Amino acid sequence: MLLRHTPQEITERQALTINPAKTCQPIGAMYAALGIHGCLPHSHGSQGCCAYHRSTLTRHYKEPISASTSSFTEGASVFGGSANMLQAINNIFTVYQPEVIAVHTTCLSETIGDDLPQIKKKALDEGKIPAGKYVISASTPSYAGSHVTGFSNMVTSMAAMAAPTGKKNGKINVIPGWVEPTDMEEIKRLVKLVGVSSILFPDTSGVLNGPLSGEYKMFPEGGTTVAELQATGDSLATLALGDWCSGDAARYLDKTHKVPCQVLDMPFGLKATDRFIDALRTTAGVNVPEEIGLERGQLVDMISDMHQYLYKKKVALAGDPDQLIAITEFLVSLDMCPVHIVTGTPGKKFERRIKELTEGMGYEVNVKAKGDLFLLHQWIKNEPVDLLICNTYGKYIARDEDLPFVRWGFPILDRQGHQYFPTVGYKGGLRLLEKILGVLMDRKDRDDSESKFELVL
Amino acid sequence: MLLRHTPQEITERQALTINPAKTCQPIGAMYAALGIHGCLPHSHGSQGCCAYHRSTLTRHYKEPISASTSSFTEGASVFGGSANMLQAINNIFTVYQPEVIAVHTTCLSETIGDDLPQIKKKALDEGKIPAGKYVISASTPSYAGSHVTGFSNMVTSMAAMAAPTGKKNGKINVIPGWVEPTDMEEIKRLVKLVGVSSILFPDTSGVLNGPLSGEYKMFPEGGTTVAELQATGDSLATLALGDWCSGDAARYLDKTHKVPCQVLDMPFGLKATDRFIDALRTTAGVNVPEEIGLERGQLVDMISDMHQYLYKKKVALAGDPDQLIAITEFLVSLDMCPVHIVTGTPGKKFERRIKELTEGMGYEVNVKAKGDLFLLHQWIKNEPVDLLICNTYGKYIARDEDLPFVRWGFPILDRQGHQYFPTVGYKGGLRLLEKILGVLMDRKDRDDSESKFELVL
Amino acid sequence: MTTAMKKPTGDWQPADIKAELIKKYPAKIARKRAKQIIINEAQENETPEIMANVRTIPGIITMRGCTYAGCKGVIMGPTRDIVNLVHGPIGCSFYAWLTRRNQTDAGPDGDNFMTYCLSTDMQEQDIIFGGEKKLAAAIQEAYDLFHPRSIAVFATCPVGLIGDDIHTVAATMKEKFGDCNVYAFSCEGYKGVSQSAGHHIANNQVFRHIVGENDAEKPGKYKINLLGEYNIGGDGFEIDRIFEKCGITCISTFSGNSTYDQFASAHTVDLNAVMCHRSINYVADMLETKFGIPWIKVNFIGADSTAKSLRKIAQYFDDQALIDRVEEVIEEEMPPVLAARQEVRPRTEGKTAMIFIGGSRAHHYSFLFSEMGMKTISAGHEFAHRDDYEGRRILPHLKVDADSRNIEEIEVNPDPTRYQPRKSAEEIEELQKKGVPFNSYEGLMPDMEQGSIIIDDLNQHEAEKLVEMLKPDLFCAGIKEKYSVQKLGVPMKQLHSYDSGGPYAGFQGAINFYQEIDRLVNSKVWSYMKAPWQENPQLSATYNWE
Amino acid sequence: MTTAMKKPTGDWQPADIKAELIKKYPAKIARKRAKQIIINEAQENETPEIMANVRTIPGIITMRGCTYAGCKGVIMGPTRDIVNLVHGPIGCSFYAWLTRRNQTDAGPDGDNFMTYCLSTDMQEQDIIFGGEKKLAAAIQEAYDLFHPRSIAVFATCPVGLIGDDIHTVAATMKEKFGDCNVYAFSCEGYKGVSQSAGHHIANNQVFRHIVGENDAEKPGKYKINLLGEYNIGGDGFEIDRIFEKCGITCISTFSGNSTYDQFASAHTVDLNAVMCHRSINYVADMLETKFGIPWIKVNFIGADSTAKSLRKIAQYFDDQALIDRVEEVIEEEMPPVLAARQEVRPRTEGKTAMIFIGGSRAHHYSFLFSEMGMKTISAGHEFAHRDDYEGRRILPHLKVDADSRNIEEIEVNPDPTRYQPRKSAEEIEELQKKGVPFNSYEGLMPDMEQGSIIIDDLNQHEAEKLVEMLKPDLFCAGIKEKYSVQKLGVPMKQLHSYDSGGPYAGFQGAINFYQEIDRLVNSKVWSYMKAPWQENPQLSATYNWE
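Protein chains in written order, with the numbering used here: chain A, 1 to 457; chain B, 1 to 457; chain C, 1 to 546; chain D, 1 to 546.
A hint or two may mislead.
[Unchecked claim] Cross-link-like lysine-lysine pairs, in silico, DSSO-like; alpha carbons within 27 Å at most:
{"no.": "1", "chain 1": "A", "residue 1": "K62", "chain 2": "D", "residue 2": "K471"}
{"no.": "2", "chain 1": "B", "residue 1": "K62", "chain 2": "A", "residue 2": "K452"}
{"no.": "3", "chain 1": "B", "residue 1": "K122", "chain 2": "C", "residue 2": "K32"}
{"no.": "4", "chain 1": "A", "residue 1": "K381", "chain 2": "B", "residue 2": "K452"}
{"no.": "5", "chain 1": "D", "residue 1": "K471", "chain 2": "B", "residue 2": "K355"}
{"no.": "6", "chain 1": "A", "residue 1": "K444", "chain 2": "B", "residue 2": "K381"}
{"no.": "7", "chain 1": "B", "residue 1": "K313", "chain 2": "A", "residue 2": "K62"}
{"no.": "8", "chain 1": "B", "residue 1": "K62", "chain 2": "A", "residue 2": "K314"}
{"no.": "9", "chain 1": "C", "residue 1": "K32", "chain 2": "B", "residue 2": "K368"}
{"no.": "10", "chain 1": "A", "residue 1": "K133", "chain 2": "D", "residue 2": "K465"}
{"no.": "11", "chain 1": "A", "residue 1": "K217", "chain 2": "B", "residue 2": "K271"}
{"no.": "12", "chain 1": "D", "residue 1": "K174", "chain 2": "A", "residue 2": "K217"}
{"no.": "13", "chain 1": "A", "residue 1": "K368", "chain 2": "D", "residue 2": "K133"}
{"no.": "14", "chain 1": "A", "residue 1": "K217", "chain 2": "D", "residue 2": "K530"}
{"no.": "15", "chain 1": "D", "residue 1": "K24", "chain 2": "A", "residue 2": "K217"}
{"no.": "16", "chain 1": "B", "residue 1": "K122", "chain 2": "C", "residue 2": "K28"}
Bear in mind the hints are in silico, worked out from the structure with no lab data behind them.
Note that the coordinates shown come from a computational prediction; the quantities given were computed from them, not determined experimentally.
Taking the hints into account, I'd like the entire structure generated from these sequences.
The structure is reproduced here in structure tokens:
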């Protein structure tokens with residue numbers, strides 16, 4: 001066994017996290033910042049943080065991830081990182097010439113109390129920030145929240161670039177949350193199809209799913225431009241997809257610039273996508289084109305055709321709150337039974353929401369925020385499941401417990417496809433369904449006796 | 001073992017086909033006819049043919065397949081099916097009111113020598129064909145060629161509807177061949193993206209991948225309209241994708257109406273898609289947009305990223321000539337080794353083409369046209385492979401020989417996805433690659449020792 | 001919705017429905033169909049006459065298949081150790097390849113040729129110059145590769161037309177091999193009007209070439225054959241389980257999970273229990289005539305029917321030990337069945353179903369639905385004859401038309417040495433008085449509710465109309481009908497192949513069926529067909545100021 | 001293309017290249033980098049001085065990681081039966097979770113905690129009020145769950161800043177448990193200038209808390225430790241195979257596929273063979289000082305280097321039996337290696353590589369490339385010190401800067417009871433004469449070709465420039481560099497993790513490496529980057545009139 005020391009008996013742990021279902025804020029801030037066009041994320045801490053985040057993102061996307069660091073030494077940690085930061089800003093604009101430097105803090109710089117806005121002001125005063133270039137920053141202490149929080153904080157800093165002209169631009173802000181570049185592309189396609197003109201931020205499509213063409217661009221075509229970010233203050237409304245990833249930024253624009261917002265679930269699965277499309281429709285006052293009705297109908301069609309393979313199947317889930325909320329609703333709508341659900345991100349409201357979604361399923365769901373994969377594994381040992389949906393780290397549980405396994409979430413380090421095929425929207429729902437059915441049917445084909453082996457499924 | 005009687009030792013068979021890699025012409029004609037808007041395919045034979053074709057197509061598409069039959073009885077078989085056909089035409093136009101009836105023959109009506117054009121003339125004379133409605137027909141004797149031939153014959157009959165006005169319409173005819181509805185959709189997307197105005201026929205998209213919406217349409221929105229088919233004679237040129245499925249129709253338009261044609265491979269994989277896009281470009285005299293370059297670059301990127309998992313892997317293939325030619329070239333381009341290849345469709349030129357494509361691979365490829373899965377299985381027993389790519393019937397070999405298995409081709413009766421996710425074009429190449437890598441990596445994760453078990457692949 | 005108190009067709013007058021169904025047809029067609037669509041007014045033994053087993057109308061999209069399908073697909077397909085070789089172009093063999101879910105259990109090393117698809121793949125020159133040589137060569141190649149106990153040859157359409165003498169070829173090869181029984185079926189697709197003709201042809205040849213080949217006495221106290229059970233989704237496995245539990249020895253099943261030797265020994269039993277009489281009653285009759293084995297109708301679809309059938313069998317053997325054992329078994333098996341029934345019933349009570357399948361299955365399944373409190377408001381068969389609707393008693397009044405006359409009726413006489421009546425005329429009469437129904441079966445109609453609609457050879461157009469008008473909670477037919485019905489938002493259950501489910505026979509099967517139907521008629525899925533913007537199209541922008 | 005006859009940098013003047021690399025930098029940075037970019041003009045023992053092991057420049061995208069990575073990730077990570085508990089916010093433990101491909105073989109039921117990721121997941125209140133209590137509780141919980149032989153605690157950045165006394169906590173818990181050795185590493189990420197500081201810190205604590213804990217005499221005639229081998233991709237497995245074949249007993253590997261007890265017994269050997277001296281030479285020195293065990297430099301990367309290293313070890317033991325056995329083994333192992341080499345060489349001869357990794361690996365791998373006829377035209381290390389470039393001999397001339405001074409140097413003295421020199425001064429001298437190189441290693445530079453370019457702490461900008469200018473056939477570095485290099489159309493091989501390959505050490509590893517590099521530098525893939533319409537943009541419509 002790969003996880004041979006995991007006991008079935010569950011003992012309460014107060015201080016120890018084992019096999020986490022989360023990581024720290026800065027990597028989320030780094031990923032979000034890559035969704036700004038021409039932006040170099042900068043990690044204000046010791047160089048290991050930056051190295052680790054770049055490595056993890058690289059393994060997930062199989063794409064170059066550029067980011068810089070303040071490379072703290074012992075001295076900087078004692079006397080403060082301001083000097084490092086200032087030197088970094090100067091070096092970055094000189095050598096890499098980004099449009100924007102998006103700085104995030106770390107547990108190190110937060111603990112010593114570096115004040116980024118102040119450092120930025122100093123940089124401005126010292127003329128270290130060329131005209132027309134920007135430095136934005138987010139406070140992302142690793143010891144609070146999770147990578148999701150860090151993402152949200154950087155997205156909020158992006159929203160803080162809003163510079164309303166007072167004249168509405170007729171657009172709708174769409175904040176996709178931490179989804180794949182291809183998901184962001186798909187969201188843009190859907191928004192366009194509905195006939196809504198929008199500003200999507202962040203937008204990593206075209207940045208982290210690039211081509212191989214013989215040239216390397218540190219700053220690819222994609223990403224939300226500074227001009228677009230500034231224009232978010234003139235938009236008609238904001239749709240935030242996922243409260244955990246996108247809610248704060250939307251509420252910021254609402255509160256600060258009176259851009260009314262709706263906070264929706266991430267559009268994974270039928271119903272969440274329905275609400276997203278309908279919110280676009282009602283917000284923009286447009287009609288939904290037949291083409292979208294068709295995509296929706298195809299998803300409903302496949303659900304009805306394959307229902308017998310999904311009905312009452314037990315599922316264990318680990319991931320991030322916004323994704324888990326959406327997938328749980330989707331699974332329930334398929335008559336599947338999500339029985340064990342953990343996220344590493346703290347927050348009681350997550351547990352409440354999951355309980356709501358699984359109400360009336362006729363069983364008590366195991367759900368834990370600030371849980372970990374060790375606990376999920378123990379739950380599975382105590383109540384086995386038919387399917388595990390989780391990031392790549394789930395593979396150790398899947399192999400030990402011989403479970404059908406669908407990789408979904410972050411990070412996915414050992415399979416391809418998430419870079420190129422969306423799981424949001426109706427088409428994404430079809431893909432999720434294809435994957436779920438695929439592993440369940442593979443298992444059936446593997447385990448059926450020869451008399452029961454089926455040609456047609 | 002599921003195929004426990006298959007011996008490793010290969011003995012020559014003259015008369016016996018076992019576990020065919022093909023079926024008969026009429027089903028191909030039926031599928032092609034479904035790609036005409038408002039068309040009811042009609043099987044001129046005994047009712048079993050129609051029942052079997054409808055069942056097989058239904059299991060593959062999980063969609064309703066409407067088609068009618070002349071329901072031959074013993075009497076009809078002796079005295080000829082003309083009376084049945086005439087009655088059928090009258091009933092069909094009265095009850096179902098299609099735009100077109102596309103009649104194909106069977107071994108039965110061919111053996112007794114029914115003359116469809118003559119019967120059609122009789123129907124016209126007797127006023128059984130309402131004004132503005134059409135009856136087209138194709139001769140598809142089950143005892144010649146294969147389902148691919150039948151498809152090609154019906155497509156040629158569609159081309160025969162061409163009614164040139166003498167005035168060119170600036171369009172390019174694209175004949176996609178026997179691919180999935182979603183492939184046809186993807187081909188249309190690519191053609192449009194390149195900026196070419198085209199007529200695609202047949203076109204089963206919107207016909208066989210329909211939504212569930214509470215209403216049943218015997219004749220859905222999709223399909224090539226009669227007007228479009230008539231206009232094919234005014235087109236600038238024809239691109240036939242796949243000589244076996246589409247070549248004849250293209251050459252017909254070329255010979256009969258001087259619409260110049262190019263016969264290309266089906267656009268599966270990098271190089272075949274390159275040639276298709278480039279042919280569109282040169283034929284229409286347009287420039288290829290960056291967006292296509294991006295999709296292409298993404299495919300090349302994934303190939304380069306994952307090359308180590310593909311390199312030198314042995315593959316066994318069964319399917320139809322056009323598909324096999326394209327996939328063979330694709331696999332070779334990935335540094336994979338297609339070692340055993342069978343199609344049930346007769347034709348020496350297939351074997352020649354495969355030999356060309358695998359030249360210089362440093363091994364002698366096993367290839368057979370008019371081969372069968374029994375032979376393929378024996379080849380595999382004699383030289384094991386790392387991967388099997390085949391239609392659903394391959395699952396019996398895959399389970400017995402414990403082979404990673406990618407379902408591709410016709411029919412796919414036991415998995416979902418082929419209805420909705422294209423495998424043509426660059427995005428299709430990404431999907432093929434995802435599937436191939438998926439099964440290879442699943443196998444690796446299954447078989448790796450615990451010391452070698454990998455988190456990152 | 002519950003229609004419990006309403007008439008089966010709800011607000012519709014059956015007559016109006018019938019009118020609706022046929023109104024679109026040309027007059028001639030309408031007249032014909034009118035005779036095949038019956039408003040059920042069955043009174044006691046007075047059932048209305050229905051037109052059945054007649055030609056399909058050209059151009060009208062039918063559910064029916066052909067004679068080959070009935071012979072090779074249905075009857076011979078399920079026998080594992082007979083190599084089935086189809087003589088004809090490739091298609092017919094391909095389409096019958098593993099597509100029927102008739103399961104078999106050959107054990108780890110028994111012969112099993114069901115995963116193989118053999119064909120002579122006739123080419124143009126074979127059509128022109130004849131295919132006999134190729135057939136002989138193919139038989140030889142099959143024999144050399146597999147050395148099977150038996151090879152069955154099936155003719156597809158062109159074979160009859162070009163006059164290949166497949167029977168002579170078969171006989172010659174049988175002769176040549178010595179250790180392999182080879183025979184052929186002239187089951188060309190154009191024969192008859194439906195699969196039914198194929199069943200008959202298969203029955204004839206099995207009886208002629210296999211039955212009686214093995215006189216060896218098989219162990220067992222209560223020996224029977226089960227006729228007309230095809231082990232779809234494992235039905236036969238469940239029935240075998242029950243038989244074993246009761247101590248009844250099933251020597252031969254025609255033809256689910258069967259072997260050559262089972263057929264060969266079929267004449268050694270003391271009773272034939274006939275399940276799907278439509279497809280197999282010929283064999284039952286011939287076994288009686290030639291060997292003196294009586295037959296009774298049974299039905300293992302539905303727990304109650306299963307209990308009833310077991311009791312009949314026990315009664316037949318007239319042995320208290322068996323009668324008691326059967327009662328014990330029923331007592332043991334029923335509680336979980338009743339529990340499952342109770343569990344689903346609150347959700348299935350009063351729901352409506354339509355069933356259009358086979359030749360007697362629609363009838364069988366209507367019992368299973370009533371066990372769940374579901375009403376079958378319309379039903380019919382695909383290839384039934386009048387007696388399947390009205391009851392065997394009307395057989396004498398049946399006129400045989402040209403199409404049926406073309407199907408061989410073989411002349412059978414008592415076997416000079418082996419004929420031996422299992423029961424004396426007196427015993428038979430005795431038992432009949434006790435209610436053992438020899439040589440008889442009821443039709444579908446008497447068991448259907450007043451005012452329900454019986455339709456023979458239902459077609460696409462009528463099916464669509466029926467569903468639109470009566471909106472049943474469930475529609476049952478075959479794969480070809482599945483998705484057009486579901487597009488209308490009505491769940492569709494395949495009762496030929498069971499979709500991917502089963503077994504549904506016997507006690508365990510009933511439980512499976514209750515749960516499967518519960519899943520279908522109560523699935524959330526059918527509530528997703530309309531998008532929110534279709535349900536509330538008004539465009540009032542609403543924001544939650546979170 | 002072959003650059004065999006050309007100078008390593010082709011048409012470029014090395015000086016111009018250097019100028020290109022630094023021209024974009026601000027003056028101050030350019031001056032600093034100029035000292036870290038050296039045109040190799042090494043003559044005999046005269047090597048140019050390189051600036052190394054100095055601070056990374058803030059804002060300049062570096063390949064380097066931190067001290068924690070060097071301590072927890074590199075040195076302690078590979079030890080399977082020590083529970084590693086990271087004290088800090090969640091991230092640092094998460095990122096070091098199974099990401100290094102250091103394989104281990106615990107057998108079916110041995111302890112293996114490498115698949116587990118433990119953290120105190122410090123929260124805001126822990127930062128404010130201190131985390132010692134939480135750490136103690138976490139150690140207790142880990143102990144209660146796993147009852148391991150040993151628990152190692154690692155500090156991440158904030159821990160040092162808020163002043164948690166992890167060593168006291170560890171000592172207390174060790175005391176409390178009795179049967180579990182608990183100790184801590186103050187390896188905060190901000191210490192030192194690279195991973196290198198982490199190696200040193202790890203060395204210190206392992207030596208202080210584990211080495212010498214087990215005096216039990218282990219069987220074996222020729223007992224050694226292998227220092228600085230981390231079993232990436234199974235390298236260690238291959239080296240163990242070779243040792244066993246030679247009859248050499250490897251008591252302890254630091255730290256690939258290692259266990260607590262191996263470290264505890266490390267002082268019982270007669271020789272330390274040092275592979276990656278950069279990461280482990282501290283332990284080697286301390287073992288010599290305290291226990292009298294000499295050490296020599298070895299290298300098992302490359303078949304020739306492997307043979308050479310085996311011979312050195314045999315020579316050290318000065319025993320003909322071992323010397324002969326080693327020769328036998330080499331004779332047996334080399335033919336397949338040479339065959340594989342010959343097979344690929346026609347395709348690899350003259351191809352060029354760049355290597356920028358680790359602290360001595362770039363040096364090691366340059367040998368392997370030359371076995372394939374490939375030229376390393378530019379190389380450098382990520383966390384090396386001057387001696388790794390110039391050779392150990394320059395150590396005395398090294399000035400220790402502030403950052404290094406902050407890393408504890410522990411005072412070690414001969415063990416009162418256990419110090420016992422394995423060789424007398426005379427024997428050492430004898431052997432040294434015979435060429436056994438005690439306490440010394442060469443640097444990278446002397447082994448590099450004239451005019452090749454040595455770069456310490458290469459960064460993203462310079463890497464890109466280098467590749468654009470010199471278009472190597474292969475670039476070797478780590479995961480962060482992989483895809484930016486490949487975007488330029490140059491295959492990139494990870495030589496930290498080996499991508500998904502390995503082992504590359506020893507004889508079998510050399511074969512694997514030849515084949516892998518052949519695959520990379522000869523893959524068709526790199527020819528697909530341009531589309532046909534980019535290669536022939538002209539728009540001439542051509543039809544084949546088929």
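These are the hints, each one checked on the structure:
| no. | hint | in the structure |
| --- | --- | --- |
| 1 | K62/A / K471/D | 22 Å, holds |
| 2 | K62/B / K452/A | 21 Å, holds |
| 3 | K122/B / K32/C | 25 Å, holds |
| 4 | K381/A / K452/B | 25 Å, holds |
| 5 | K471/D / K355/B | 36 Å, violated |
| 6 | K444/A / K381/B | 25 Å, holds |
| 7 | K313/B / K62/A | 22 Å, holds |
| 8 | K62/B / K314/A | 25 Å, holds |
| 9 | K32/C / K368/B | 52 Å, violated |
| 10 | K133/A / K465/D | 25 Å, holds |
| 11 | K217/A / K271/B | 25 Å, holds |
| 12 | K174/D / K217/A | 53 Å, violated |
| 13 | K368/A / K133/D | 24 Å, holds |
| 14 | K217/A / K530/D | 16 Å, holds |
| 15 | K24/D / K217/A | 17 Å, holds |
| 16 | K122/B / K28/C | 20 Å, holds |
The structure is inconsistent with the numbered hints 5, 9 and 12, although it conforms to all the rest.
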